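Asks: So you can see what is in the structure, the chains are spelled out below.
Protein chains: 2
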Amino acid sequence: MNKIRIGIVGYGNVGKGVETAIRQNADTELIAVFTRRNPESIVTKTPGVKVVDIKDAAKFKNDIDVMILCGGSATDLPKQGSEFAAMFNIIDSFDTHAKIPEYFENVNNAAAASNKTAVISVGWDPGLFSMMRMLSSAILPEGNDYTFWGKGVSQGHSDAVRRVSGVKNAIQYTVPIDGAVESVRNGKNPELSIRQKHLRECFVVAEEGADRAKIEADIKSMPNYFADYETVVHFVSEEELKSNHSKMPHGGFVFRSGKTGIDTVNNHIIEFSIKLDSNPEFTANVLVAYARAAARLNSEGSYGAKTVLDVPLSYLSTKSHADLIKGFL
Amino acid sequence: MNKIRIGIVGYGNVGKGVETAIRQNADTELIAVFTRRNPESIVTKTPGVKVVDIKDAAKFKNDIDVMILCGGSATDLPKQGSEFAAMFNIIDSFDTHAKIPEYFENVNNAAAASNKTAVISVGWDPGLFSMMRMLSSAILPEGNDYTFWGKGVSQGHSDAVRRVSGVKNAIQYTVPIDGAVESVRNGKNPELSIRQKHLRECFVVAEEGADRAKIEADIKSMPNYFADYETVVHFVSEEELKSNHSKMPHGGFVFRSGKTGIDTVNNHIIEFSIKLDSNPEFTANVLVAYARAAARLNSEGSYGAKTVLDVPLSYLSTKSHADLIKGFL
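The listed protein sequences derive, respectively, from chains Y and H. Counting from 1, one number per residue, gives the positions in the first sequence under full-length UniProt numbering. Counting from 1, one number per residue, gives the positions in the second sequence under full-length UniProt numbering.
Keep in mind that the hints were calculated from the coordinates and are not lab data. Honestly, I wouldn't trust all of these hints.
Given that identical chains are not distinguished, each listed pair holds provided it fits within a single copy or across any two copies.
[What the hints assert, rightly or not] Calculated pairs, SDA-like style, for lysine to any residue (alpha carbon to alpha carbon, straight line, at most 25 Å):
#1 Lys61 x Asn106
#2 Lys326 x Asn106
#3 Lys61 x Arg5
#4 Lys247 x Thr96
#5 Lys50 x Ile262
#6 Lys50 x Asp263
#7 Lys214 x Leu199
#8 Lys247 x Asp263
#9 Lys326 x Ala98
#10 Lys214 x Glu240
#11 Lys247 x Ser183
#12 Lys50 x Asp27
#13 Lys151 x Thr264
#14 Lys45 x Asp263
#15 Lys242 x Val43
#16 Lys188 x Val153
#17 Lys168 x Phe203
#18 Lys326 x Glu142
#19 Lys326 x Glu102
#20 Lys45 x Val265
#21 Lys242 x Asn267
#22 Lys79 x Ala322
#23 Lys326 x Tyr303
#24 Lys45 x Glu142
#25 Lys188 x Ser273
#26 Lys188 x Asp178
#27 Lys214 x Val232
Note that this is a predicted model, so its numbers are computed, not measured.
Chain Y on its own, in the form it takes in the complex (with noise of 0.2 Å):
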């Protein structure tokens, strides 16, 4: 059986997961990274593995069976998406959640037109929290939905800290509230506001002198990020944020609360939750099943951009059919 030979466009910290995945996984081979920046700053982890511009990724069309995206959404998936998808199967885990369905038409027009797959918004949260809150939803249509995110480092509000004056380094955690939590697990189908659901956890590193309760009221304040927010800062030296601060940990949970029966008394909970000791290589271990799906896809003439709901679950499996019958049902 020939292996899925997979090309990882950036990188980053997603495309060193992908890198990691892809030797868990026998069936797949990582052919080469292609990167902005000069190739020859670049050492993979993998011998033999190509570094390239990503100027000359045209030339792989033949090398490669499907590119997986692992540019951030703000500026690179929004071109390279139906770039790469003219030229290649692709997998991304485009994240903006209010411009998909835009980003899915582009994707769509791009990869129809060249008889490739794509399979877009790949990933947690949107991937498995979306296909979470739909299965559930077309279970319990008479329900209450609820998204918990964390506990975890959110790179946005920790940039947005960064930013403040007298910041020298920071990390923000989104923490989702017990109480809340357990609330909706226990069936209670509370309306939640969004202080009620999240609290902001910053672990702020002051430059000498700085004047630490502006620094402070500055971060609480800050419109969008946290104004609405209960908001913690903690004050910690450069040296305490590498040692307990480096990771990147993530997770979250889907609830459907819903009712069934003839006067819609008996409750129902169902609860998806994911604990990560490390976001991109979870989130590229995603990537990689996909990958796998968007391979088949593409050599049974299904073509176009998908997204997580379209495509089935035994198409992430390397298992036969009869196997999956067996050893999963």
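Starting from the known structure of chain Y, arrange chain H on it as the hints suggest.
Replies: Only chain H this time, still in chain Y's reference frame:
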């Protein structure tokens, strides 16, 4: 838009649950209930629904889009599955895990020969739990699976207790052991024996003058059912059994605990759980969502037997593709 016309075969707890589930799904309508009992002895909760002798089902070939088989896996479905799949699109909840491959084969042959679509073994285990086991092991190829059932009533074990001499009535709950669940949730990847995962709790009404110590010993030593477990026996009155133990709650947990990274040092936990006030009603709601999928698969010419692993999630929803992207991704 035409509604999906549904027939129910077998009007027990699950059949009644399907009837109420149909009320929650505006794109479905109940046409008839098919029974082996005297049709006149059955009063449905839905006005205008026919109650028909199961022998006359063939007459409804043109009136029903999907037949939902609500009989048992021991004797009903092995016979009904292929018989009905030769005439109708069907959904069933065949749950004898070891016999699913053979059952799939038989139903597939019948359905494929008559251009019908059958989704078999739908429910929560097999069903949702199967999906979670497969999905999470595709994402985390290096890891361990854990399934816990309960707290919930096991009919098979309740029946076994009722057969013990001196027992008038009884209910058995399967209870996952908290410490074991917590250990898995915390990424300890424990090896768990049967006894360490679940305990069995029995509520027993003894016949007057019966030897309670002997009943308890007989239950606890019963091979296959109880001997391998920690078993707790409570003696209660008939009234207490009726008022406190006549509901049919159930639930359970599926975990995948897996590692990623260059030295596989990062651990990830995927957890899926359900907590159900009514096992048959929840199962029925899953069946109805898959009835929608079966109707659509059939209209697209996708014939034969399928499992939950073969059906894209989007097929379970009434929403358009654009609305699914907007609402769930």
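Asks: Name the hints, by number, that the structure is in violation of.
Replies: No numbers; nothing is violated.
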